[in-house]
Amino acid sequence: MKDKSVLIIGGGVAGLCASVELANLGVHVELVEKTNFLGGHAIGYACKAINDTCVKCGACMVEEKLQSAVNHPDVKILTGSQVKSIFKNGRFSAGIRQQPWYIDPQKCTNCGLCLDRCPADGAVLQGFSKNNIPFYAISDEKCLYFKDKSCSICGDECPEKAIDLDRDALEYSIKADAVLVAIGFKPFNPKDKPYGYGVFKNVVTGLELERMIKRVGGVKKPNDNKIPTKIAFIQCVGSRDAKLNHLWCSKICCGSALRMARLIKERQPETEITFFYMDVQTFGKDFEQFYKDVQKEVQMIRAIPGDIYEMDDQRLKVNYVDNHSHNTLEEVFDLVALSIGITPCEDVQSMVGLLGIASDKFGFLETINDRVSVSKNGVFSAGAVRGPKNISDTIADAGSAVWKIFKYLSFK
Amino acid sequence: MAVAEEFLTTGMEIVIATRDKTCGFEGFADFDAFQILTETRLISCKGSVGNFIIQAIKNNKLIKLSVGGIIIAEEDQRTSNFLLYGLNASSNVITLSQMKKVLGDSSFNKNILSKIKKVVFLTGFGKESMPVIAKEVMLSSLVLQKDFNLQTYILTKNLKVAGDGLESLYRETKKAGTIYIKFTDAVPDIHQKEGEHIRIEFFDEITSKNFRLSPDMTVVDETIVPSRYTTDFAKIFHIERDVNGFVQADNVHRYSVLTNRKGIMVAGPSRDILADDDQKVDAENAALAVTGHASGETETKAEKAQVSEGECIRCLTCYRLCPYHAITLNTQVKVEPNACERCGICAAHCPRKAVRITDLEPCAITDLITIDTDMLSSKTFMPFIVAFCCRRSAAQARDLAICMGHRLPQGLKVVEVPCSGAVSYDHVFAALDNNADGVMVLTCHKGNCHSEYGNIYAEQTVEYVQERFSRIGFEKERLLIKTLASNMETEFSQIVNRFEETIVKLGPSRLKKN
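Chains as they are written, first to last, in this note's numbering: chain G, 1 to 412; chain L, 1 to 514.
Just so you know, the hints here were simulated from the structure itself, not pulled from any lab data. Here the structure is a predicted model, which is why all the values come from computation and not from measurement. Just so it is clear, CB atoms sit at the ideal spot from N, CA and C, and this is done for glycine as well. Wrong hints could be hidden among the right ones.
Under the rule of at most 35 Å between Cα atoms (straight-line distance), these lysine-lysine pairs were calculated in the DSBU-like manner [as the list claims (entries may be wrong)]: (1) K2/G - K46/L; (2) K413/L - K107/G; (3) K100/L - K110/L; (4) K292/G - K118/L; (5) K292/G - K58/L; (6) K292/G - K482/L; (7) K34/G - K412/G; (8) K174/L - K115/L; (9) K230/G - K296/G; (10) K209/L - K146/L; (11) K317/G - K182/L; (12) K135/L - K175/L; (13) K146/L - K101/L; (14) K243/G - K182/L; (15) K135/L - K186/G; (16) K230/G - K127/L; (17) K230/G - K482/L.
Listed below are several chain G residues computed to face chain L (Cβ distance under 10 Å; list not exhaustive) [what the hints assert, rightly or not]: (18) C47; (19) Q126; (20) C151; (21) F411.
With the sequences and hints as input, model every part of the structure.
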């Protein structure tokens, strides 16, 4: 397989795993990631071990796969890059556009001064993995330099002179024998749900809560940075929703929310937690025991709240219909976490256009024959681009795609 | 079956062994590369990846097989849940598998299904169900509603829709007329009397009313369980099992078909409860893993553990502790270099120090532990802290903590070890001997150790030394063990900074030389 090469689009869990597996078979890999950071959404997930015991959320595996991919000599990685064109004439030939390297990875020492000094919120982005070099990136959209050239503080103050905001984008042409689409998913944006997301400070998404736990080791209220006394998790936000035609379970949210709930109870025992749900989904091999334990620590309410109001003190009033009394009840919380679902990646349609593949009725990439991934003439797919998957399923799916690619390349 | 199919085109030689009389693989008999052994019982397995020797019995004869890799891939095994519902099997109380059979057999089903009107499915009481089972329940109910015009009821607690297409299927069954009754705290009262219809009484949470159902047929769900051979497999192949008894440890490092043995994979229902599609995915992953091992691309060249013949007294400590079963016993105790993962557990625990791994010997590690001369001459006490960190977890967390700008103790010296199980008494004492004021062992969370029990051995080592410290009047607080994951940079800095505070309070170690 020494002379073969595969283009992998997407540097999340699926793309990283597939890169490593293919490279281990001696195949050359070109990995193209749209954002500045590898690891997809999952690289921001927190370890949710409790009582010194792993709960098998798989978050740590993302870092491990990322490290293996970055360090593999046969994996070439282009971050901040997008596939602009792709042609097949025997082999695939792809045109890639890479955003300018404002921060020189060779010079940057990850000191973080650029982030400290930047006056614009969100203009300097910080990664999650130390293996992602550079650890920082500059956002075209938020940076003041690109608006009106009014600020170049990061470049001026960088002790290594690693930052140059005038760098140009780069273009590459990549040749490959097969293409793997692993562009992942888009987290549901809950702003149109009646929960005040984006308006009320203390309404956050489950994904944001994962990142908060990872960054600060616990949960704090965004409005005043204090420890919340009452937290609510609302499940199925954007999943199992007929109004949105989201007729799927996102599979990951029950595990993520309940594991976080137990972690919070362990680290901040004074915090009360309520879990609003439809059906608790099974996750993990020891679910039976986990479910028993979590019911002792967390108030489980089988109802999906209708709406949320913010009170004068920024606490949140959650309304829901009680199953027993059939009355609408109100309960006040300091923090509400919305377990947002997995929705189709916004780039599925552009992949469909570029590669002549199809999407399903919900907008995920189509699965052919119920199970075989897209493999039309050397185009394959892996991971949540075809529908919700947790980390372990994604790792397995990447292996499955690699095996299919291997067979395809062997007979080509 | 699916596993074998994956190899059809690879040109690899495959042996299929089964205890059954037939195996469904007969179609493959024409392929020269396939050898099929039915009614064969495995007895033992020796060797390591690339060179396993398996002994088995077929027709009362002992046979020997030499193979490069092994895949365990049984079909799924179920137990019916009659007991959970207080029911006995009868003509109108059947299992889910029986219902599937009825629906699959056209001559049969006309007879049975033409006489009935109401069918109740019971699933997920007493024991939580699984998407695999929920799918079968919903599919059966859909066929009964649509093709046989029967009224179906699905009684459940949590409807398990976390499988591909299951929410859509749920909506489809509802549209077709299936009635769902979900229970949260209460369960239905089920009465069964011989010769009578089953009577199910319950309080419905949605309408707040009491109902009674008398179905013509009641279908109880099933639990997918490990096969009865899993104990044998675990013993023969020295594979760790999970809490439910499946032949794969519940450990993220084994994703998706790996075991603690290199070259031995486990696919499908032998390792977990899996949907059909996921079983196919497993088959592909197993094929991939075998191919990877066969091509030898992943093999590391680093030097493996070695047993020094003169010093070994055959106490078998290494043999018992090796998580990868890399120690072989013949005339000599030897390490299989292909199976050894260099975790260092054997070397740390050998009472004669007869097992060695280059770079992991206490003397080699001692060289790494050198105190900064500035620290010794500093007027205010700055503790010298040695942290033995697992390469996979704590050492990664340290690097990330630095990257994220966390403040770490100035006198912190991290010594990376391949597994915390490699930390021996000698390592702890070497650190103290080299001026450490405090020693930490930072290891993986339970159930997350790549070497399965390395973190547990580390805990035992630390507890033992702490106890000795207490006895001789040395502060046991100077030795600490904590668990961490690779992505816990915040917790890493919290732990080491807190430890530094403890040591500052204790003052310099009395064992310090200067």
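Consistency of the hints with the structure:
Taking the CA atoms of K2/G and K46/L, the gap is about 33 Å. The hint holds against a cut of 35 Å. The suggested pairing of K413/L with K107/G holds, with an alpha-carbon distance near 26 Å, which does not exceed 35 Å. The suggested pairing of K100/L with K110/L holds, with an alpha-carbon distance near 14 Å, which does not exceed 35 Å. A threshold of 35 Å between alpha carbons decides the hint, and for K292/G with K118/L the separation of about 33 Å falls inside it, so the pair holds.
The straight-line distance between the Cα atoms of K292/G and K58/L is roughly 46 Å, outside the 35 Å bound, and the hint therefore fails. Between K292/G and K482/L, the direct Cα distance comes to roughly 27 Å. Compliance with the 35 Å bound is thereby established for this hinted pair. With a CA separation close to 29 Å, the supplied pair K34/G and K412/G stays within the 35 Å bound. Of the pairs offered as hints, the one joining K174/L and K115/L holds, with about 23 Å between alpha carbons and a cut-off of 35 Å not exceeded.
For the suggested pair K230/G and K296/G, the alpha carbons sit about 16 Å apart, so the restraint of at most 35 Å is met. Taking the CA atoms of K209/L and K146/L, the gap is about 28 Å. The hint holds against a cut of 35 Å. Restraint check for K317/G and K182/L: the C-alpha separation of about 27 Å stays at or below 35 Å, so the hint holds. Distance hint between K135/L and K175/L is fulfilled; the C-alpha atoms sit about 16 Å from each other, no more than 35 Å.
Distance hint between K146/L and K101/L is fulfilled; the C-alpha atoms sit about 17 Å from each other, no more than 35 Å. For the proposed pair K243/G and K182/L, the alpha carbon gap of about 22 Å is at most 35 Å, so the pair holds. A threshold of 35 Å between alpha carbons decides the hint, and for K135/L with K186/G the separation of about 26 Å falls inside it, so the pair holds. Restraint check: the Cα-Cα separation between K230/G and K127/L comes to about 30 Å, which is no more than 35 Å; the hinted pair holds.
Annotation: proposed proximity of K230/G to K482/L holds, straight-line Cα distance about 29 Å (limit 35 Å). This hint holds: C47/G has a C-beta 4 Å from the nearest C-beta of chain L, less than the 10 Å allowed. Contact between Q126/G and chain L, as hinted, is supported at the beta carbon level, the nearest pair being about 8 Å apart and thus within 10 Å. The closest approach between the C-beta of C151/G and any C-beta of chain L is roughly 22 Å, which is over the 10 Å cut-off, so the hint fails.
Of the supplied interface hints, the one on F411/G holds, with its beta-carbon coming within about 7 Å of a beta-carbon of chain L, less than 10 Å.
Checked against the numbered hints above, the structure breaks hints 5 and 20 and satisfies the rest.
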